[in-house]
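J.: Given chain A's structure and the hints, the job is docking chain B onto it.
Protein chains: 2
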Amino acid sequence: MMIHVIFLVVSLFSSAFCGELSDPSSIIKYPSEEPKRDDGDEVNLHCTSWRFAAETNNLASWSTIPAECADYVKDYVLGKAYVADLERVSEEASVFASTVDFSAGDGKDAWIFDIDETLLSNLPYYIDHGFGLELFDHSEFDKWVERGVAPAIAPSLKLYQRVVDLGYRVFLLTGRKESHRLVTVENLINAGFQNWDKLILRSPDEQHKMATLYKSEKRDEMVKEGFRLRGNSGDQWSDLLGSSMSQRSFKLANPMYYIP
Amino acid sequence: MMIHVIFLVVSLFSSAFCGELSDPSSIIKYPSEEPKRDDGDEVNLHCTSWRFAAETNNLASWSTIPAECADYVKDYVLGKAYVADLERVSEEASVFASTVDFSAGDGKDAWIFDIDETLLSNLPYYIDHGFGLELFDHSEFDKWVERGVAPAIAPSLKLYQRVVDLGYRVFLLTGRKESHRLVTVENLINAGFQNWDKLILRSPDEQHKMATLYKSEKRDEMVKEGFRLRGNSGDQWSDLLGSSMSQRSFKLANPMYYIP
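Chains A and B, in that order, give the protein sequences.
Position in the first sequence (from 1) plus 924 gives the number in this note's numbering.
Position in the second sequence (from 1) plus 924 gives the number in this note's numbering.
None of these hints come from the bench; they were simulated from the model.
You may find that some hints are simply not true.
Treat identical chains as interchangeable: a pair holds within one or across any two.
To be verified - No more than 30 Å apart at the CA atoms, straight line, and that leaves these computed lysine-lysine pairs for DSS-like: (1) Lys1133 with Lys1032; (2) Lys1133 with Lys1148; (3) Lys1133 with Lys1004.
Everything numeric in this text was worked out from a predicted model, so none of it was measured.
Looking at chain A on its own, in the form it has when it is part of the complex:
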């Protein structure tokens, strides 16, 4: 194994200090000496790299998943890995939630949750719509939302209950529109969510705001009202970044769509 390691290092970096820097692209390159992988491995490597780039917010705004990653994304969200990722982020958030010092006792410690792909899963919808391979269809998705049957993401429900039990004020901050308030409330309650302090939806004049701005403005208001934003759970970076960011942000996995 040690020989293998040394071999790779030499092949990766050997040209770095040979006095020849005319071709810097050779400084780190694919180890061409490795046995050729089959196409499945190549696709897996490529799509895992794409997923990492998406989850770390390195990609420019995207509207559909890469066609060649359709099966990869499907296998991920229907398999163990997505559940494992959701469970981990729930556990990490729960540990953090428990460490916050509540000694002020003024009820101003708050936790923000996004709804779609954070508390509720739209996977049943995306199963019928190519797991992000199809362009987002607002009217089709509205029909799904209006059925009010999105199931809970169980690890998020567990975190939610823990956060409520610890005494946080819970703000639900969603990109869903105000006209979906009733069905959203029904859906949340049927899925097991209770005791939130405020459910914030987009008003008609906020429909065309970028999500990052809309959510930042809502967080700004919370901070102005004296809340300490301890945690924020969301599947989009637009849930988490911007102004009045929370003390810790928790990024849930979502390789199916991107909201700027």
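T.: This is chain B only, laid out in the frame that chain A set:
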């Protein structure tokens, strides 16, 4: 395949709307019907999930990689996947860099680069120190830095040259200490990096500042001086988050260590 998909969905969500919500943890659970994977698959699943959590900044401060992921991290950083991830982030950043409107022509568009694991690779050091399995040893690492032989990360060098060619002001903002300025400059030049505008290292009184604060303060100064921070490339979230965040941040992969 469709039958398999439907079957999984039923098994994942069937209990969500049966009127029984007494055990919400069953709403999404591991599909127990899947054939049992072997231990290698389980470790791979677990460590990939850990890596995602680390790269998306979901983990609390950590000082060593999980012991069970030692081989996983080694295989990742020495294999194709790390290179693929580095190449992708370089390409995404390069595309963005090209789209910035330079029509102001005032030389105030800036790009920030971290150094370690962003421009220069310390992989030769980490190969000898368990790829993050060993606790960080300041004095050992200093000895490595003082040799000044860290190779370039080739995809980052390519981005760097592109950014310089496009006319950005380039700021190198590193957690390395001021006393390592000379060896760092030599190392960078030998590795192919040239024409930066400013190399900012930690002064003695900044040694014990958290990286997020130290780097935020330096970015605040740049903004005060009128620079428009367009891009920021770093392998740590502490390179990217905080105040005066750049227009786009680019998170390079680094599963070996965490700097708060």
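J.: All the hints need checking, so say for each whether the structure fits it.
T.: Tested hints:
Both within a single protomer and between protomers do Lys1133 and Lys1032 lie at most 30 Å apart by alpha-carbon distance, with minima of 28 Å and 28 Å respectively. Both within a single protomer and between protomers do Lys1133 and Lys1148 lie at most 30 Å apart by alpha-carbon distance, with minima of 21 Å and 28 Å respectively. Taking identical chains as interchangeable, the C-alpha atoms of Lys1133 and Lys1004 are never at most 30 Å apart, the minima being 35 Å within one chain and 40 Å between chains.
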